[in-house]
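Colleague: Each chain, letter by letter, is given below.
2 protein chains.
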Amino acid sequence: MGSCPPGTVEFWFELGSNYSYPGVMRIEEAAVERGAKLAWRPFLLEPIFRSFGWESSPFVLQTEKGAHVWIDVERQCRKQEIPWKKPSSFPQRAILPMKVALVGTDQPRIGACKRMMLLNVRRDAEIDAGAPVRDVLEGLGLPADSIINAAPSEQTKSRLRDQTTAAQPRGIFGAHTFFVGDDVFWGNGRLEDAWDMAAGMAAGCPQSVS
Amino acid sequence: MGSCPPGTVEFWFELGSNYSYPGVMRIEEAAVERGAKLAWRPFLLEPIFRSFGWESSPFVLQTEKGAHVWIDVERQCRKQEIPWKKPSSFPQRAILPMKVALVGTDQPRIGACKRMMLLNVRRDAEIDAGAPVRDVLEGLGLPADSIINAAPSEQTKSRLRDQTTAAQPRGIFGAHTFFVGDDVFWGNGRLEDAWDMAAGMAAGCPQSVS
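Heads up: the sequence lines are chains W and V, in that order. Following the working numbering, the numbering of the first sequence begins with 28 at its first residue and continues without gaps. Following the working numbering, the numbering of the second sequence begins with 28 at its first residue and continues without gaps.
Keep in mind that the hints were calculated from the coordinates and are not lab data. Just so you know, not all the hints are guaranteed correct.
Unchecked claim - SDA-like mimics (lysine to any residue), calculated; alpha carbons at most 25 Å apart, straight line:
| # | chain 1 | residue 1 | chain 2 | residue 2 |
| --- | --- | --- | --- | --- |
| 1 | V | K113 | W | G198 |
| 2 | W | K92 | V | S83 |
| 3 | V | K92 | W | D210 |
| 4 | W | K92 | V | A177 |
| 5 | W | K64 | W | D210 |
| 6 | W | K112 | V | G227 |
Since the structure is predicted, the reported quantities are computational estimates derived from the model, not experimental observations.
The shape of chain W in the complex, shown without the other chains:
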């Protein structure tokens, strides 16, 4: 994964997560607007949840909060003026597209994550399959077959596992999560706080409270 230059916002996300959707949809434009450095960090939520003894998303397990969360996501999407339709299956498995994202984090094609999530929330498509990933990559004029064929390699599998293992000791308990150095910010509503801290660090005046 490598370390980040000061003032970088790390964006830890999961393509199968409902709240990651509004995050993925705005993170790049927001980084450009703020002139901030951005590091994409795809990781799998499921092993994190399993480590807590949970068999699924807390939004499935805790029905009261779960019921509210869908209303809240819809409201947030409306505010961001992005499309939204509740996927009929949740949480989505997204191992293949997450592998493709992982090997592409340092490339411009990482923006394809937006198209991937849109497939899920607009067309209600299952995204953990070759066809939707191919659609997205081809739509960007990328060599879909070679990317998809390389994705299941032991090396990529192990990188994704390492990435997820790295998330745990850093205190990640959900997605999406931002880091600025060691400071953690949870959820779409804290992105501005993360940018502010990153801007302070880039200017040499960190404002960590942790």
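Chain V: place on chain W using the hints.
Modeller: What follows is chain V alone, placed relative to chain W:
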């Protein structure tokens, strides 16, 4: 409790809740600023948590999220420019001050909730006792003794129980929570959304998504 006129924001809070603190500290000024109607709704969180099978706050039970929450509360307080020091005991029991708040929800003294929470987060005082409640009420020039002596009555006990029981079927799973009609908004970060919906309803154009 009675029903609310259209465009009212109901503010369901608990004096022992950490996130209720920044909410309590800004709710009145925010209502005045927005020209919005505000209804204070003190309720006990503990019975809600118990109904989920939890023995304490989720911030205590889920250590990973719990660790983050204190950093987040501190950041939110700094943004709001209000004092903050983590109470040495959490969650706080606050039965007596909650009873006092409940019988005073329609009176100007409800603003004393701010002083009550400040006692907890500034002076690290346990608040479920006569002395701190008396301090707050006397500081406001109110007849502290008669208010405190009336608080343990069967009638008030039963009102607080009813209030908490009323919270459950409305889908409340934490504090603080806002309602605008049947629409629920969870947490300090959603207050602006609640005001916006209330303003829409007051103008006769509700924008419910639920």
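Colleague: Hints first: check each against the structure and report whether it holds.
Modeller: A quick look at each hint next to the structure:
1. Of the supplied pair hints, the one linking V:K113 and W:G198 holds, its CA atoms being roughly 19 Å apart against a limit of 25 Å.
2. In summary, the hint linking W:K92 to V:S83 is supported, as the alpha carbons are separated by about 16 Å, within the 25 Å threshold.
3. The hinted pair formed by V:K92 and W:D210 meets the criterion: a straight-line CA distance of about 14 Å does not exceed 25 Å.
4. This hinted pair does not check out: W:K92 and V:A177 have alpha carbons roughly 36 Å apart, beyond 25 Å.
5. Pair hint W:K64 plus W:D210 holds up; C-alpha atoms about 15 Å apart against a cutoff of 25 Å.
6. For the proposed pair W:K112 and V:G227, the alpha carbon gap of about 23 Å is at most 25 Å, so the pair holds.
Checked against the numbered hints above, the structure violates only hint 4.
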